[in-house]
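Enquirer: Residue strings, one per chain:
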Amino acid sequence: MLKTFAKGGIYPPENKLSAKSGIRDLPLPKAVTIPLSQHLGSPSKPVVEAGEHVKTGQLIAKSEGYVSSNIHSSVSGKITKIDAFIDSSGYKRKAILVNVEDDQWLEDIIRSKEVVREFSLSSEEIINKIIEAGIVGLGGATFPTHVKLNIPRGKKTEYLIVNGIECEPYLTADHALMLEHGEELMVGVQLLKKALKVEKALIGIENNKADAISHIAALAKKYEGIDVYALKVKYPQGGEKQLIKALLDREVPSGGLPIDIGVVAFNVGTTLAVYEAVQKNKPLFERIVTLTGKSVKNPSNFRVRIGTPVSLLIEEAGGLPCDTGKIVYGGPMMGKALNDLSVPVTKGCAGILILPETESLRKKIEPCIRCSRCVSVCPMGLEPYLLMGLSQKNLYERLESDKVLDCIECGSCSYICPSNRPLLDYIRLGKAAVSKIIRPTK
Amino acid sequence: MNKLLAISQSPHISGNYSIRKLMLGVIIALVPAFITSLVFYGIGVIIVTAISVLSCVLFELLIQKFILKTEVRITDCSAVVTGLLLAFNLPSNIPWWIIITGSLVAIGIGKMTFGGLGNNPFNPALVGRVFLLISFPTAMTVFPKAAGWGTPYLIPADKLDAYTGATPLNLIKEGIKSGKSIAELMNINNLNYSDMFFGNIGGSLGEIAAFALLIGFAYLLIRRIITWHIPASVIGSVFVFTGLLWIFSEEGHNILSGALHLNLPVIQFKDVNEEIKVFHMADPVFHILTGGLMLGAIYMATDYATSPMTGRGMIIYGTGIGVIVVLIRVFGSYPEGVAFAILIMNGFVPLINRYIKPKRFG
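These protein sequences, in sequence, are chains H and C. The first sequence begins at 1 in my numbering and counts up one residue at a time. The second sequence begins at 1 in my numbering and counts up one residue at a time.
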């Protein structure tokens, strides 16, 4: 019996169309749009000006405050403007536009593919390099990595968890990464272990990636203190709390962080970025992105420079299918629908999903029949039907006492609802209203 | 690109579920019981079911179209399920106009007055059934005997004895009053467990065959239309509660003292004439095989709108139903109490939902 998390969860069709396609380098675009807010926290502050020439990997925006991140140019060329552009949120946000001239990398970045295994850096030095390289959580939450590595006083870290679950249907970026960069991943895990001063690392991979499991497990044998676990396929196992529950049977307390129960978790993509930053001096300016969809000609995994417009990925995968109805930035369960194809790929983008017209529109909303499916699939043990009702009636106190803030927005409730009710939409509204009351923003 | 893209919040995919599919699942699950009933009760089964289903759907249509002037939603098949369940709660020889009255009460009062599907606090089919039971006690309690396919629909007055009889629960309840033991009563009335399991007994149209209802239960579980919580807790609590009482009855005492050499006391009580009587009671297996227990536990108590939302809530609700069923059957004046028990516990559902929360993560 394979491990999985105990409560709730759904089994959407996996549709991992690009699982066998490997990773291809996407050609450089003519221009990149690098948003200043690609991470959770305050937007970075530009340190370059329009007209300046930058090299690939050069710092172009500095982190602004503790929970923020450095941003580097992903190409070499001339900065044309620093202005507001539409990003994946659908809003105009500040970004740096770079006209691509060529691809000159900063001199101290080691470009050879050779795996560098040895390191002699201390914990602090590793963390400093991670801060410099602007690494954020690449699983999608884009939380600055160094903040997680800085263990608050009084807390003890027992385990490092590396998340290779990729429970979102369609997406295969992490899968491809594990297959092609397994060696580097192992060094990344060692670096993170050193940074956190822990002895044990657990890598969780869902059982639908048998090749990745055997590959990573074979590599992990060469290292001490890295255990690889195959987990039963169930969405949302890639959620940090669910993964920790599945691997260690520990529950992150409501409103708490994994560190409260002695765990720190990183995505495999983040781990690879840590390796590249520390061993190759390479800042985070490219990532692996899945471009997929049932009518896409060649569903693929691309190595994409940050700031590349989504349209280029679509072109390289065989063009926009005729029956396109919706373009999702991210996976089908938690991604955002795009209204513009010039939106740039950012650090948090694991995939672009093109849905056909037949799957794009929501179905008709029917009355709630109180079938309790939403309650039984909720991985956080909440009552989505109740939260939706409370949210519609603006009953914020009861929303709070019924733990609306625990919602991880995985979308299982909306997925399972036989009446197609927009449960998560209303829960999001309620959540936003409640957190505004509890934590007023400046 | 000159094409409009759809914009919405996540999730962007949804499971292939609908109310209609769930209702069709319930309908399929009721088919085995329907066929068994047809074999034992004949043509009346088809007539009663058809009238009940058609009138329920028709009343829903008329009410939605002309009284409420809302969208007509009969295609979701929920009225079909109500009609089927109402029919399953009626004797197969009941006159057509009583069925139509029951349908009107079930759909009109039980469902539509509260706002239709999902808003009704009480199970509509049971509201209809209990209304009929109180209004037409004779018609509702003259059950056909399991006389086979040839049974006519409306039984002529001179053949009532040949074609009708009482349910096992009724026979035992009345028999105990005359001071006979259960074994004697089973013998006199030709009752045995295999007939009860396969449906060769008198009763409401859909309640007689435990095995057919259990087949439907398995189907509902496999299709994940219902969970095990409510049926298991209803049947389980009836089994346990009747078992506890049975241990202290004459019958239980005889068996336990014989087999295990346990000498437990037998409950004795004074009747209205101040005579001391010993407590007779049928065993737990009898109680779970007879009456509407299986039908109620599997198909009626599990009605989505009128049952709790959490697993723990469902178990509390189901146990409540089981306990009330036993209280009515053993100590009440009705021989059967499943319909009342479910309706009573339906009333507690909002309270259960309010106080029994799922176990939160963390």
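Bear in mind the hints are in silico, worked out from the structure with no lab data behind them. Where a beta carbon is used, it is the ideal one built from N, C-alpha and C, also for glycine. Treat the hints with care, as some may be off.
[As the list claims (entries may be wrong)] Per the computed footprint, the stretches of chain C lying under chain H, defined by three or more beta-carbons under 8 Å from a beta-carbon of chain H, are:
| hint | region |
| --- | --- |
| 1 | 9–19 |
| 2 | 46–59 |
[Unchecked claim] Selected chain H positions facing chain C (Cβ under 7 Å, derived; list incomplete):
| hint | residue |
| --- | --- |
| 3 | Y223 |
| 4 | P253 |
| 5 | L257 |
| 6 | P258 |
| 7 | A337 |
Enquirer: Against each hint, give a clear statement of whether it holds in the structure.
Expert: Now for the hints, and whether the structure bears them out:
1. 9–19: The restraint on the region 9–19 of chain C holds, since 10 of its residues have a Cβ under 8 Å from chain H and three suffice.
2. 46–59: Coverage by chain H is violated here, the residue count being 0 at a Cβ distance below 8 Å.
3. Y223: Violated, because the Cβ-Cβ distance from Y223 of chain H to chain C comes to roughly 31 Å (cut-off 7 Å).
4. P253: Where the cut-off is 7 Å and the nearest Cβ of chain C is about 5 Å from P253 of chain H, the hint holds.
5. L257: Violated. Min distance 11 Å.
6. P258: With a minimum Cβ separation of about 11 Å from chain C (threshold 7 Å), the hint on P258 of chain H is violated.
7. A337: Result: holds, 5 Å to nearest chain C Cβ.
Going down the numbered hints, you'll see the structure goes against 2, 3, 5 and 6, while the others check out.
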